[in-house]
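A.B. asks: Now for the letters of each chain:
There are 2 protein chains.
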Amino acid sequence: MLATVIHAPRDIRVDTVADPVLSTGGDAIVKVVAACVCGSDLWPYRGITPTHEPHRIGHEFVGVVEAVGADVAAVAVGDFVIAPFYVCDNTCANCRNGVSTSCLNGGWWGGDDRLGAFADGGQGERVRVPLADGTLVVVPGPIADDEVPGLLALSDVMGTGHHAAVSAGIAPGDSVAVVGDGAVGLCAIIAAKRLGATTIIAMSRHPERQALAQRFGATHVVAERGDEGITRVQELTGGIGADRVLECVGTKESMDQAIRSTRPGGMVGYVGAPNGGPELPVRPLFNRNVGVNGGIAPVRGYIEELLPDVRSGAIEPGLVFDLELPLTDVAEAYAAMDERRAIKVLLRP
Amino acid sequence: MLATVIHAPRDIRVDTVADPVLSTGGDAIVKVVAACVCGSDLWPYRGITPTHEPHRIGHEFVGVVEAVGADVAAVAVGDFVIAPFYVCDNTCANCRNGVSTSCLNGGWWGGDDRLGAFADGGQGERVRVPLADGTLVVVPGPIADDEVPGLLALSDVMGTGHHAAVSAGIAPGDSVAVVGDGAVGLCAIIAAKRLGATTIIAMSRHPERQALAQRFGATHVVAERGDEGITRVQELTGGIGADRVLECVGTKESMDQAIRSTRPGGMVGYVGAPNGGPELPVRPLFNRNVGVNGGIAPVRGYIEELLPDVRSGAIEPGLVFDLELPLTDVAEAYAAMDERRAIKVLLRP
Numbered sequence: 001m002l003a004t005v006i007h008a009p010r011d012i013r014v015d016t017v018a019d020p021v022l023s024t025g026g027d028a029i030v031k032v033v034a035a036c037v038c039g040s041d042l043w044p045y046r047g048i049t050p051t052h053e054p055h056r057i058g059h060e061f062v063g064v065v066e067a068v069g070a071d072v073a074a075v076a077v078g079d080f081v082i083a084p085f086y087v088c089d090n091t092c093a094n095c096r097n098g099v100s101t102s103c104l105n106g107g108w109w110g111g112d113d114r115l116g117a118f119a120d121g122g123q124g125e126r127v128r129v130p131l132a133d134g135t136l137v138v139v140p141g142p143i144a145d146d147e148v149p150g151l152l153a154l155s156d157v158m159g160t161g162h163h164a165a166v167s168a169g170i171a172p173g174d175s176v177a178v179v180g181d182g183a184v185g186l187c188a189i190i191a192a193k194r195l196g197a198t199t200i201i202a203m204s205r206h207p208e209r210q211a212l213a214q215r216f217g218a219t220h221v222v223a224e225r226g227d228e229g230i231t232r233v234q235e236l237t238g239g240i241g242a243d244r245v246l247e248c249v250g251t252k253e254s255m256d257q258a259i260r261s262t263r264p265g266g267m268v269g270y271v272g273a274p275n276g277g278p279e280l281p282v283r284p285l286f287n288r289n290v291g292v293n294g295g296i297a298p299v300r301g302y303i304e305e306l307l308p309d310v311r312s313g314a315i316e317p318g319l320v321f322d323l324e325l326p327l328t329d330v331a332e333a334y335a336a337m338d339e340r341r342a343i344k345v346l347l348r349p
Numbered sequence: 001m002l003a004t005v006i007h008a009p010r011d012i013r014v015d016t017v018a019d020p021v022l023s024t025g026g027d028a029i030v031k032v033v034a035a036c037v038c039g040s041d042l043w044p045y046r047g048i049t050p051t052h053e054p055h056r057i058g059h060e061f062v063g064v065v066e067a068v069g070a071d072v073a074a075v076a077v078g079d080f081v082i083a084p085f086y087v088c089d090n091t092c093a094n095c096r097n098g099v100s101t102s103c104l105n106g107g108w109w110g111g112d113d114r115l116g117a118f119a120d121g122g123q124g125e126r127v128r129v130p131l132a133d134g135t136l137v138v139v140p141g142p143i144a145d146d147e148v149p150g151l152l153a154l155s156d157v158m159g160t161g162h163h164a165a166v167s168a169g170i171a172p173g174d175s176v177a178v179v180g181d182g183a184v185g186l187c188a189i190i191a192a193k194r195l196g197a198t199t200i201i202a203m204s205r206h207p208e209r210q211a212l213a214q215r216f217g218a219t220h221v222v223a224e225r226g227d228e229g230i231t232r233v234q235e236l237t238g239g240i241g242a243d244r245v246l247e248c249v250g251t252k253e254s255m256d257q258a259i260r261s262t263r264p265g266g267m268v269g270y271v272g273a274p275n276g277g278p279e280l281p282v283r284p285l286f287n288r289n290v291g292v293n294g295g296i297a298p299v300r301g302y303i304e305e306l307l308p309d310v311r312s313g314a315i316e317p318g319l320v321f322d323l324e325l326p327l328t329d330v331a332e333a334y335a336a337m338d339e340r341r342a343i344k345v346l347l348r349p
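Keeping their order, the protein sequence lines are chains H and C. Sequential numbering from 1 applies to the first sequence in this note's numbering. Sequential numbering from 1 applies to the second sequence in this note's numbering.
Read the hints as simulated data drawn from the structure, not as lab findings. One or more hints might be untrue.
You can't tell identical chains apart in this list, so a pair holds if it fits in one copy or across any two.
Quick list of in silico lysine to any residue cross-link-like pairs, SDA-like style, CA-CA up to 25 Å [unchecked claim]: (1) Lys31 <-> Glu224; (2) Lys31 <-> Glu279; (3) Lys193 <-> Gly169; (4) Lys31 <-> Glu339; (5) Lys193 <-> Ala74; (6) Lys193 <-> Glu66; (7) Lys252 <-> Asn287; (8) Lys31 <-> Arg232.
In this text the structure is predicted, and so the values were computed from the model without any measurement.
Chain H with its partners taken away, still in its complex shape (with noise of 0.2 Å):
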């Protein structure tokens, strides 16, 4: 079959590879409908994170289930499923506390040793799924071909976005400020208007990705950064900064914006994987009663409360994939996300 493989920085193709086969009872092998690029895949492809050999990559898809091992019950062949990015067994201590991205027998698509075998990459024709049960979220068909990009959504940047919401504890009547315009900044804003957030602020400098805040429930829009955006942030609350302030990027520029527009007693939810390990300052926290929560989402947890509201139509966060392309293309649809010429790219296999 025909699975992207990154070779080194910059060079990224779509190989043939061995076919997945069922290697433990729980196993489910997925046929999959669409996959995309993740703005942390851009980290090996731009040589932030060292690539020592070439190993598959991709962990957001959606899909059909082709074969289940003999110990899989809750995911039938034929059903049509959701992957998190992540495996987990949805049943362990810290699954059970809401924390699957800890699970204590889970792992991350690509290969991980607790699972004691190779998971692959999403971006391929099949995945083999570990913890089949645990990790797969089934959706009830028939489902819609202009269904699929909202579903994708939920496999990573719909979530993440909520669990920043939620990590910040947005309550009805919060003003909210969001750090980030990529794809999970903009599904922070859906998850900010669904959560009740009566302002709520993107901070954004590009008009499309304006434009689509704006349609998802941004009151506001601020494009200035630095100083000027926390005193931007300031006058739309109040001359205190935000209620709640939701940090999608991960830099320590974008934290220090977020905990700066933060009101005293605030809290800044951040979701924004940590790129290069910048510290919190912890004066700027203390002093001010400004807390920070949140991390690698959990999304496999939110999938079901989130479905029925992307299947209604009542949130769109399949508005982010603003490029389609087929899974062949893999090349141009990571030179588009890291040139910013698209916000995120589906691939179709």
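We have chain H; now place chain C onto it with these hints.
C.D. replies: Frame of chain H, contents of chain C only:
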């Protein structure tokens, strides 16, 4: 009158100073019944924060109102009052949001620009209290003498321990670990029990503090620190760590202990003033979805809630005072705290 003045590190004296006078319509003059020494008072005492010139010190006291300005409405001559460790109007946007330590018009005992005039330190015979209506909380009389320690604890340590617990989001049934066995850590144990935690782990190596921790509600004591301490906490919490951890020290080591003792998805509530400003390590927080929340405790807003339980004896924070001295022995009070011969010293003018 007599009041405590710090002249230099380890040179702390009771000096004769000018009597306070009403200087704004919103002032009150309070005759101090009892004051105390705070762990943070030890910073200038130890020379960790510099003393450029002799200045008044102390920020925790209870007393009786002797005089009020023309604009004071909520406090009257003869009232027994608790003063929090700062001054606030209790009406600004930050106060209304529950963060009176960020009061837009408030300030700190011992002098602060925002007040426009010198505010006395608390370790003296009398104190001028600016913004008296917002700052002071009246305790209906009569006040028995043995109630004084418990009421004095509400000026700082009990409310600060409670803030750690509230910031960590303790809910009934939670497992909680408390890092720090000073007066604040011990009060945090009281707060954790009061909010319904059922497993409460006191991290302490001092037998007499362990005993008080258990009287206050600790179900387990862990004397180990570092990796061994974390292992012990995990053993007591199903292998994953405590739901909530209360950090009541403020050093890099204590914060590391707190973060790594917290289960994935849990929260650190911190009130230990960051001594030397250690930064928070983002990766151990992000990767495990451990949040950090807290800061300078807005104790003014907690006094009314906690007061009935103190007066009924349901909670006994006054027990943290294990040494009582006359104000004139203030040098010995600081030495006893510095040498950890006393948990907390109560001073009587």
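A.B. asks: Each of the hints needs a verdict: does it hold here or not?
C.D. replies: Here is what the structure says about each hint:
In this assembly of identical chains, the alpha carbons of Lys31 and Glu224 never lie at most 25 Å apart, being 44 Å within a copy and 52 Å across copies at closest. For the identical chains of this complex, Lys31 and Glu279 are neighbours neither inside a copy (41 Å) nor across copies (46 Å), given an alpha-carbon limit of 25 Å. Taking the closest pair of Cα atoms, Lys193 and Gly169 come within 25 Å of each other both inside a single copy (13 Å) and across two copies (24 Å). Taking identical chains as interchangeable, the C-alpha atoms of Lys31 and Glu339 are never at most 25 Å apart, the minima being 30 Å within one chain and 69 Å between chains.
Taking the closest pair of Cα atoms, Lys193 and Ala74 never come within 25 Å of each other, the shortest separation being 32 Å inside a single copy and 41 Å across copies. For the homomeric pair Lys193 and Glu66, neither the shortest alpha-carbon distance inside one copy (37 Å) nor that between copies (52 Å) is at most 25 Å. Taking the closest pair of Cα atoms, Lys252 and Asn287 come within 25 Å of each other both inside a single copy (19 Å) and across two copies (17 Å). In this assembly of identical chains, Lys31 and Arg232 lie within 25 Å of each other by CA distance neither inside one copy nor across copies; the values are 48 Å within and 46 Å between.
Going through the hint list in order, the structure does not satisfy hints 1, 2, 4, 5, 6, 8.
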